[in-house]
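So you can see what is in the structure, the chains are spelled out below.
2 protein chains.
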Amino acid sequence: MPRINFHQQLAALKDRLLGMAALSQQALEFSVEAYVSRNGGLCTHVLDIEKAINAAETVVDEMAHDLLAKEQPMAIDLRFILSVIKINGDLERIGDQAANIVQRAMLLKDSAQISLPVDIQTMGEKAGLMIRTAIQALLEADAKLAESVLLMDDEVDDMNKAVQQELVEVMQQRPEVSIQALNAIIISRNLERSADHATNIAEDVIFWLRGSDVRHNMLLAEAD
Amino acid sequence: MPRINFHQQLAALKDRLLGMAALSQQALEFSVEAYVSRNGGLCTHVLDIEKAINAAETVVDEMAHDLLAKEQPMAIDLRFILSVIKINGDLERIGDQAANIVQRAMLLKDSAQISLPVDIQTMGEKAGLMIRTAIQALLEADAKLAESVLLMDDEVDDMNKAVQQELVEVMQQRPEVSIQALNAIIISRNLERSADHATNIAEDVIFWLRGSDVRHNMLLAEAD
Chain A
333 MPRINFHQQL
343 AALKDRLLGM
353 AALSQQALEF
363 SVEAYVSRNG
373 GLCTHVLDIE
383 KAINAAETVV
393 DEMAHDLLAK
403 EQPMAIDLRF
413 ILSVIKINGD
423 LERIGDQAAN
433 IVQRAMLLKD
443 SAQISLPVDI
453 QTMGEKAGLM
463 IRTAIQALLE
473 ADAKLAESVL
483 LMDDEVDDMN
493 KAVQQELVEV
503 MQQRPEVSIQ
513 ALNAIIISRN
523 LERSADHATN
533 IAEDVIFWLR
543 GSDVRHNMLL
553 AEAD
Chain B
333 MPRINFHQQL
343 AALKDRLLGM
353 AALSQQALEF
363 SVEAYVSRNG
373 GLCTHVLDIE
383 KAINAAETVV
393 DEMAHDLLAK
403 EQPMAIDLRF
413 ILSVIKINGD
423 LERIGDQAAN
433 IVQRAMLLKD
443 SAQISLPVDI
453 QTMGEKAGLM
463 IRTAIQALLE
473 ADAKLAESVL
483 LMDDEVDDMN
493 KAVQQELVEV
503 MQQRPEVSIQ
513 ALNAIIISRN
523 LERSADHATN
533 IAEDVIFWLR
543 GSDVRHNMLL
553 AEAD
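One line per chain: the protein sequences are A and B, in this order. Quick note on this note's numbering: the first sequence kicks off at 333 and runs consecutively. Quick note on this note's numbering: the second sequence kicks off at 333 and runs consecutively.
Source of the hints: derived by calculation from the structure; they are not laboratory data. No residue lacks a Cβ here, since even glycine has one placed at the ideal position from N, Cα and C. Take these hints with a grain of salt, some might be off.
[What the hints assert, rightly or not] So these bits of chain B aren't anywhere near chain A, every CB distance computed over 10 Å:
1. 362
2. 477
3. 490
4. 505
[Unchecked claim] Listed next, the in silico DSSO-like pairs over lysine-lysine satisfying Cα-Cα at most 30 Å (straight line):
5. A/402 / B/493
6. A/383 / A/346
7. B/402 / A/441
8. B/402 / B/418
9. B/346 / B/476
10. B/402 / A/418
11. B/493 / B/441
12. B/441 / A/418
13. B/383 / A/418
14. A/441 / A/418
15. A/383 / A/441
16. A/493 / A/441
17. A/383 / B/402
18. A/493 / B/441
19. A/346 / B/476
20. A/346 / A/418
21. B/346 / A/493
22. A/402 / B/346
23. B/346 / B/402
24. A/418 / A/493
25. B/493 / B/418
26. A/418 / B/418
27. B/493 / B/476
28. B/476 / A/493
29. A/476 / B/493
30. A/476 / A/346
31. B/441 / B/346
32. A/383 / B/383
33. A/402 / B/402
34. A/476 / B/476
35. A/441 / A/402
36. B/493 / A/493
37. A/383 / B/441
38. B/402 / A/346
Generate the whole structure from the sequences, applying the supplied hints.
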């Protein structure tokens, strides 16, 4: 019964990817918490999670590669494995964004904690929700749910643009807090980029389930 | 003679990817030129190239997918197709970075042109050289050449770090040029990230030729 074995292997691959997704989501959410609360221990923890994500990426890639080589899957199974390979890359990049955020947070440890006109917490929650929703769409094989992620991306993009404008003004008026403002700008971009990766994941879920490539359509005509 | 046909298709896939690589490299090099010379026409041209890159990405992905579905390739051929899929994604993201750079350049059109302690031109040349070298390694199936790209990445990383530090000082001392300094910081990051994509491409070339995954080893232990 080689096909039963094959489907068990596909399920194992999906489980492994979902485990990695949980790590990426956690890394991002912890990174925002670490920045907001200036928690150095949590920063280190995020860097540890990021290492675990990198290790998981290699394992998922090898599993996917082995399945392609040994089973020569067709149609939806092939699309699933190709989607896994791409989602794997996006999850790893979310881990990179989280690592970037805590590296910024660690740079701030000697600067005064000031209030800035930027809500990194809410941006982080929105990006986190997009990642969780994309992953749930993968878990439940739900293309409609994946579509809802694509619609959420604009909100994070708009928040990021607003942050940039407001913080440039802060820099001009209060040069003594330039470092804090710059870090907030960069972290806002890290979150916007994480939301883009969630969007990519949702697109890959749709490709897996429907076989249609939804990237670069009119709905999503924007650069990274 | 199905195998001859198969190898013709692999060659066609490689040609298509190399065509796309030429576009990505061009987009990045033009974007730096457009920023340095404040050339609005060139900015628009880069955005047009980026659209062409996005279209090419979809074509390459479909070709790779068709080959996997119809030919069930093994060993080095399978690794080649998987590498093409990943390189395709990195080339598309280099196009995104180029688009980001010209968007920044366009924001500057009403700001005074000032001298900043940052050599975007040289950073752009280094990132461009990394992309060209990675592509040449792909073209010539040269894993040693691909390895040389990995060593070049540190230089761009170091330049980016230095830029960040120096420009924060500029912001503190000359708040009236905060916008220009911030744009230079962001463009420096775009170039550093483009260099990372070149590194990813080189790693994929090595994986294709040697079958070993060189990501996340000690040499490259850094976050995005």
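Structure-based check of all given hints:
no., hint, result
1, 362, "15 Å, holds"
2, 477, "23 Å, holds"
3, 490, "15 Å, holds"
4, 505, "7 Å, violated"
5, A/402 / B/493, "45 Å, violated"
6, A/383 / A/346, "20 Å, holds"
7, B/402 / A/441, "56 Å, violated"
8, B/402 / B/418, "20 Å, holds"
9, B/346 / B/476, "19 Å, holds"
10, B/402 / A/418, "20 Å, holds"
11, B/493 / B/441, "26 Å, holds"
12, B/441 / A/418, "37 Å, violated"
13, B/383 / A/418, "21 Å, holds"
14, A/441 / A/418, "36 Å, violated"
15, A/383 / A/441, "23 Å, holds"
16, A/493 / A/441, "26 Å, holds"
17, A/383 / B/402, "37 Å, violated"
18, A/493 / B/441, "18 Å, holds"
19, A/346 / B/476, "35 Å, violated"
20, A/346 / A/418, "13 Å, holds"
21, B/346 / A/493, "38 Å, violated"
22, A/402 / B/346, "24 Å, holds"
23, B/346 / B/402, "17 Å, holds"
24, A/418 / A/493, "27 Å, holds"
25, B/493 / B/418, "27 Å, holds"
26, A/418 / B/418, "8 Å, holds"
27, B/493 / B/476, "28 Å, holds"
28, B/476 / A/493, "42 Å, violated"
29, A/476 / B/493, "42 Å, violated"
30, A/476 / A/346, "19 Å, holds"
31, B/441 / B/346, "39 Å, violated"
32, A/383 / B/383, "35 Å, violated"
33, A/402 / B/402, "15 Å, holds"
34, A/476 / B/476, "46 Å, violated"
35, A/441 / A/402, "51 Å, violated"
36, B/493 / A/493, "24 Å, holds"
37, A/383 / B/441, "42 Å, violated"
38, B/402 / A/346, "24 Å, holds"
When held up to the earlier numbered hints, the structure conflicts with 4, 5, 7, 12, 14, 17, 19, 21, 28, 29, 31, 32, 34, 35 and 37 and fits the remainder.
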